[in-house]
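Since the structure of chain A is already known, use the hints to place chain B on it.
First to last, the protein sequences are chains A and B. Numbering of the first sequence is given in my numbering, commencing with residue 1 and proceeding in unit increments. Numbering of the second sequence is given in my numbering, commencing with residue 1 and proceeding in unit increments.
Please keep in mind that the hints were generated in silico from the structure rather than gathered at the bench. Just so it is clear, the structure is predicted and the values come from calculations on it, not from any experiment. Where hints are given, some of them may not hold.
[Stated by the list, open to error] List of simulated lysine-lysine pairs, DSS-like, C-alpha gap at most 25 Å: (1) A:K21 / A:K4; (2) A:K98 / B:K21; (3) A:K21 / B:K21; (4) B:K21 / B:K98; (5) A:K76 / A:K21; (6) B:K4 / B:K76; (7) A:K4 / A:K76; (8) B:K21 / A:K4; (9) A:K21 / B:K98; (10) B:K76 / A:K21; (11) B:K4 / B:K21.
[Said to hold, decoys possible] Cβ-Cβ distance ranges computed for the label pairs, FRET-style: (12) A:Q64 / B:Q71: 50 to 60 Å; (13) B:D101 / A:E27: 28 to 38 Å; (14) B:V90 / A:Q72: 42 to 52 Å; (15) B:R97 / A:Q64: 44 to 54 Å; (16) A:S100 / B:V103: 54 to 64 Å; (17) B:R97 / A:M1: 22 to 32 Å; (18) B:R69 / A:K76: 45 to 55 Å; (19) B:S12 / A:G78: 25 to 35 Å; (20) A:E87 / B:D59: 44 to 54 Å; (21) A:L66 / B:R69: 13 to 23 Å; (22) B:S32 / A:S32: 37 to 47 Å; (23) B:E27 / A:R93: 42 to 52 Å.
[Said to hold, decoys possible] One side of the interface only, derived from the structure: several residues of chain B facing chain A at Cβ under 10 Å: (24) L11; (25) A15; (26) E16; (27) S111; (28) A132; (29) L137; (30) A138.
All residues carry an ideal CB built from backbone N, CA and C; glycine is no exception.
The lines below spell out each chain.
Number of protein chains: 2
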Amino acid sequence: MYQKILLAVDLSSHAELLCQKAAEMAELHQASLSVISVVEPIVSDSAFDTMPPLPVDFDDLRLQSLRERLQQLGAKYGIRAEQRFLEIGVPKREICRKASDLVSDLIIVGSHGRHGVELLLGSTANAVLHHAQCDVLAVRIHK
Amino acid sequence: MYQKILLAVDLSSHAELLCQKAAEMAELHQASLSVISVVEPIVSDSAFDTMPPLPVDFDDLRLQSLRERLQQLGAKYGIRAEQRFLEIGVPKREICRKASDLVSDLIIVGSHGRHGVELLLGSTANAVLHHAQCDVLAVRIHK
Numbered sequence: 001m002y003q004k005i006l007l008a009v010d011l012s013s014h015a016e017l018l019c020q021k022a023a024e025m026a027e028l029h030q031a032s033l034s035v036i037s038v039v040e041p042i043v044s045d046s047a048f049d050t051m052p053p054l055p056v057d058f059d060d061l062r063l064q065s066l067r068e069r070l071q072q073l074g075a076k077y078g079i080r081a082e083q084r085f086l087e088i089g090v091p092k093r094e095i096c097r098k099a100s101d102l103v104s105d106l107i108i109v110g111s112h113g114r115h116g117v118e119l120l121l122g123s124t125a126n127a128v129l130h131h132a133q134c135d136v137l138a139v140r141i142h143k
Numbered sequence: 001m002y003q004k005i006l007l008a009v010d011l012s013s014h015a016e017l018l019c020q021k022a023a024e025m026a027e028l029h030q031a032s033l034s035v036i037s038v039v040e041p042i043v044s045d046s047a048f049d050t051m052p053p054l055p056v057d058f059d060d061l062r063l064q065s066l067r068e069r070l071q072q073l074g075a076k077y078g079i080r081a082e083q084r085f086l087e088i089g090v091p092k093r094e095i096c097r098k099a100s101d102l103v104s105d106l107i108i109v110g111s112h113g114r115h116g117v118e119l120l121l122g123s124t125a126n127a128v129l130h131h132a133q134c135d136v137l138a139v140r141i142h143k
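Okay, chain A solo, but in the shape it has when bound (with noise of 0.2 Å):
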C-alpha cells in the first residue's frame, strides 16, 4: 500500500516512540523508511543584544547533539545511514520537501492534539497536514 515512508521527529521529545511505530509500518508495507529532523534555527535579536559574543557556537553545539541522537535512532531501527535527514529550518516546509523530493507517499509525525491558541497558530502536525501532497499519519502522543 506505501512504498515510502517519511518519519518527522523532533528529536527532543518521543522519538522513540515514533521511529518504533514508523519501522513497524515500514515492516508491515515492505516499504522503504526515511527519517528527518529539523531544526529551527536560534534567532537573536541584536537590537536586544546586550551579551558579548559567546566562544562556542551553541547553534552548533546543539546540531552535533542532534546529528548524533538522529544517528543512534536511526542505527537502532534500521534506516540507513543515506536516509536520515538532519535539515535546518521551517519544519513544515522542510518536511514536506523532503517529502517531495523523496517521492514519498506517507508522512508519519507526531500529534500532541493541541488545542486553542496552538491549533490556529498550527503545530507541526497541522501544518504537513495542510501542505503535504501525499497520506500523513499522525501518530497520537499521550502526555
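Using the frame of chain A, we list chain B on its own:
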C-alpha cells in the same frame, strides 16, 4: 499494529477511494473496520424563512439516500452491517465520539489539504486530528 480502524467518509465525494484504502489497511493490519458518515443538519433560519412548509421532508430524503449509499459501500468493501454508522451532528465531534465508543486505535479521514480561511475554520481532517485520542491517517484527496 492497528486493531480497530474507524473510517470517516463524506458520502458525497471520494468515498470509494477512501473505502478502498481503508479496506486495504484493515486487511494488512488484520484489523476490524467500521465506517461512519456524519450528516450536518440543514438549519433553516425561521426569521428569514418566507417559504411555506414543503410537503416532503428533504432531510429525511437525504438521510435515506445517504443510508443506501453507505450500505452499498459497506457491502462492496466488506464492512459488516453493524459496523456502518450514519450520524447527524458536527462531524469532528461525532467521529471522535464514535472512535472513543468503539475504542478505535486509528481513524482514517480524507484530506483536501485546505489552505487559508478553510484552514482557520478547520477542515474535518484537521479538527479530527486535534480532537482524536488515537492515531489519525489523513488520506490525501487530489482534486
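Notebook entry, point to check: Against chain A, with CB atoms and a cut of 10 Å, does the hint on A138 of chain B hold up?
Noted result: holds, 5 Å
Next item on the list: May I ask you to test the interface hint for L137 of chain B with respect to chain A, counting a Cβ-Cβ separation under 10 Å as satisfied?
Entry: holds, 5 Å
Check: Does the structure keep K21 of chain A and K98 of chain B at a Cα separation of 25 Å or less?
Finding: holds, 24 Å
Item checked: Holds or violated: K98 of chain A to K21 of chain B, with C-alpha atoms at most 25 Å apart -> Cα-Cα ~24 Å, so holds.
Check: Regarding Q64 of chain A and Q71 of chain B, is the given constraint of 50 to 60 Å on their beta-carbon distance met?
Finding: Holds: the Cβ-Cβ distance is about 59 Å, inside 50 to 60 Å.
Note to self: Against the range 25 to 35 Å, how does the distance between the Cβ atoms of S12 of chain B and G78 of chain A compare: consistent or not?
What the structure shows: violated, 42 Å
Note to self: E16 of chain B was flagged as interface toward chain A. Is the shortest Cβ-Cβ separation under 10 Å?
What the structure shows: violated, 16 Å
Checklist line | Interface hint compliance - A15 of chain B to chain A, C-beta minimum distance less than 10 Å | finding: violated, 16 Å
Next item on the list: May I ask you to test the hint 45 to 55 Å on the CB atoms belonging to R69 of chain B and K76 of chain A?
Entry: holds, 47 Å
Notebook entry, point to check: Given A132 of chain B as an interface hint, is the shortest Cβ-Cβ distance to chain A below 10 Å?
Noted result: holds, 7 Å
Item checked: Outcome for the supplied range 22 to 32 Å, where the beta carbon pair is R97 of chain B and M1 of chain A -> holds, 28 Å
Note to self: Holds or violated: the 37 to 47 Å window for the beta-carbon distance between S32 of chain B and S32 of chain A?
What the structure shows: violated, 29 Å
Checked against the numbered hints given earlier, the structure breaks hints 10, 16, 19, 21, 22, 23, 24, 25, 26 and satisfies all the rest.
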